[in-house]
Amino acid sequence: MSKSTVESREVKFPPGEALRFSIESIKRRFVRALITAVSIILGIAFYVGLRTMSDIMLSIYGTSEAAKSYQLWMAMISLIVCAVGILNSMLMAVTERTKEIGTMKCLGAMDGHILMIFMFEAILVGVIGGLIGAVVGWLAGLLIYIGEYMNVIFSSALLTSYAMRMGEGILIAMILSVGATIYPAYHAASMDPADALRFEI
Amino acid sequence: MRYEYTVETEDLAKYYQLGEVVVKALDGIDLRIRRGEYLSIMGPSGSGKTTLFNMIGGLDRPTRGRVYIDEVDISKLDAYELAWLRCRKIGYIFQTFNLIPVLTALENVTLPMIFAGVPREERMRRAIEILNRVGLGDRLHHKPAELSGGQQQRVAIARALANDPVIVLADEPTGNLDLHTGLEIINMLRQLNVEKGVTIFTATHDLKMIDVSDRIVWIRDGKVDRIEKRVDVVVGMEEI
Numbered sequence: 001m002s003k004s005t006v007e008s009r010e011v012k013f014p015p016g017e018a019l020r021f022s023i024e025s026i027k028r029r030f031v032r033a034l035i036t037a038v039s040i041i042l043g044i045a046f047y048v049g050l051r052t053m054s055d056i057m058l059s060i061y062g063t064s065e066a067a068k069s070y071q072l073w074m075a076m077i078s079l080i081v082c083a084v085g086i087l088n089s090m091l092m093a094v095t096e097r098t099k100e101i102g103t104m105k106c107l108g109a110m111d112g113h114i115l116m117i118f119m120f121e122a123i124l125v126g127v128i129g130g131l132i133g134a135v136v137g138w139l140a141g142l143l144i145y146i147g148e149y150m151n152v153i154f155s156s157a158l159l160t161s162y163a164m165r166m167g168e169g170i171l172i173a174m175i176l177s178v179g180a181t182i183y184p185a186y187h188a189a190s191m192d193p194a195d196a197l198r199f200e201i
Numbered sequence: 202m203r204y205e206y207t208v209e210t211e212d213l214a215k216y217y218q219l220g221e222v223v224v225k226a227l228d229g230i231d232l233r234i235r236r237g238e239y240l241s242i243m244g245p246s247g248s249g250k251t252t253l254f255n256m257i258g259g260l261d262r263p264t265r266g267r268v269y270i271d272e273v274d275i276s277k278l279d280a281y282e283l284a285w286l287r288c289r290k291i292g293y294i295f296q297t298f299n300l301i302p303v304l305t306a307l308e309n310v311t312l313p314m315i316f317a318g319v320p321r322e323e324r325m326r327r328a329i330e331i332l333n334r335v336g337l338g339d340r341l342h343h344k345p346a347e348l349s350g351g352q353q354q355r356v357a358i359a360r361a362l363a364n365d366p367v368i369v370l371a372d373e374p375t376g377n378l379d380l381h382t383g384l385e386i387i388n389m390l391r392q393l394n395v396e397k398g399v400t401i402f403t404a405t406h407d408l409k410m411i412d413v414s415d416r417i418v419w420i421r422d423g424k425v426d427r428i429e430k431r432v433d434v435v436v437g438m439e440e441i
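Chains as they are written, first to last, in this note's numbering: chain G, 1 to 201; chain W, 202 to 441.
If you are wondering where the hints come from, they were derived from the structure by calculation, not from laboratory data.
In this text, a Cβ means the ideal position worked out from N, Cα and C, and glycines have one as well.
Treat the hints loosely; a few may be bogus.
Said to hold, decoys possible - Below, in silico cross-link-like pairs of lysine to aspartate or glutamate (EDC-like), each with a Cα-Cα straight-line distance of 20 Å or less:
{"#": "1", "chain 1": "G", "residue 1": "Lys27", "chain 2": "W", "residue 2": "Glu347"}
{"#": "2", "chain 1": "G", "residue 1": "Lys99", "chain 2": "W", "residue 2": "Asp261"}
{"#": "3", "chain 1": "W", "residue 1": "Lys225", "chain 2": "W", "residue 2": "Glu347"}
{"#": "4", "chain 1": "W", "residue 1": "Lys344", "chain 2": "G", "residue 2": "Asp111"}
As the list claims (entries may be wrong) - Covered stretches of chain G (in silico footprint by chain W; criterion: 3 or more residues with CB under 8 Å from a CB of chain W, positions within the stretch not fixed):
{"#": "5", "stretch": "56-68"}
{"#": "6", "stretch": "152-162"}
I would like the entire structure built from these sequences, with the hints used as guidance.
What follows is the structure in structure tokens.
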């Protein structure tokens, strides 16, 4: 047998193609992506909003122990609420595509190719949703204090912590979004195609 | 390389455990599909047709026995080789079409060629050519939801042919189509078989398929009941 036969015994799916596929998939499933994104936006807005408010409160009322533990509680609760919302909608979004994953495998996709597509989608949705959510949450947090404490809320110390909160928010969105996508995508991709094709929600 | 038999199965069996009961979906199937043959598996629902389709297509693992595609034992393939086999050697057609809903007809047909590493221009050229051949030259940019059942199945046929497979496997290809459209699809499969020499394996209980098949394998309860050659007296399509 010639050398070319040996080389060609491998399927290909360059990351560029996977990214293109992911972007097309988000664009064409826009409403679905929007629903997923809304849950991320709300979760992150909730998180960033609460964190922003407690940052402002701390700089207005001082950093007593009580205020600090209150802030910690708020941060934890907001994180849990946000995580549950994001995990839920991402799990759903992937599970309903199990059949599509089975079809892709029939056409020659390998498990890794499928994971790559879903990871790109999760990162894109996570970052965009996280960014919007962070800005919305930050504005909502500010709004409450904007009249009375105008000079406090734009102090340079707070500006840094706003940026940090928003960065945290985007990171959380991305991690949760990727985490919640990779698990069901891996599960669906490692099924025998026959089982994936038979899959009904 | 040309092999006499495209598919061979040896004592192929698949058992499912359903609670306490073991269901023998396939129980010792020995089958040889010749290159260029049009073979139909017939049998009532639950007789194991789809299971056989899955086994031959490398979509599921048998409990016992072997499947050879072009004399290669597919149970010995690693993940890369199995993906390659599904991509290059086999074309699949399903009862429910299974097109990717977000992709257009053209993109659905080019997808297997991406996995095969065909360059972009070549993919486009080939996909358009195949879609023209199945009569969808004017539906290239329609999504599956914008196409009728028969049109979707023709896209699926085009997709199955994208990488010039040695065999096209079809599981109830006419199951979701009306009589007339089903006949169109059957004729199209036969035409591909005759003109292009594509080996075709269908699992069906559509009696219309008998007329175009070279051999019909009747299975019952996971076993081969009997194998019939197509009778020399061909019933004309118009008589059905």
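**Study point:** Numbers of unmet hints, in rising order
**Key:** Hints 3, 4, 5 and 6 are the ones this structure does not satisfy, whereas the remaining hints hold.
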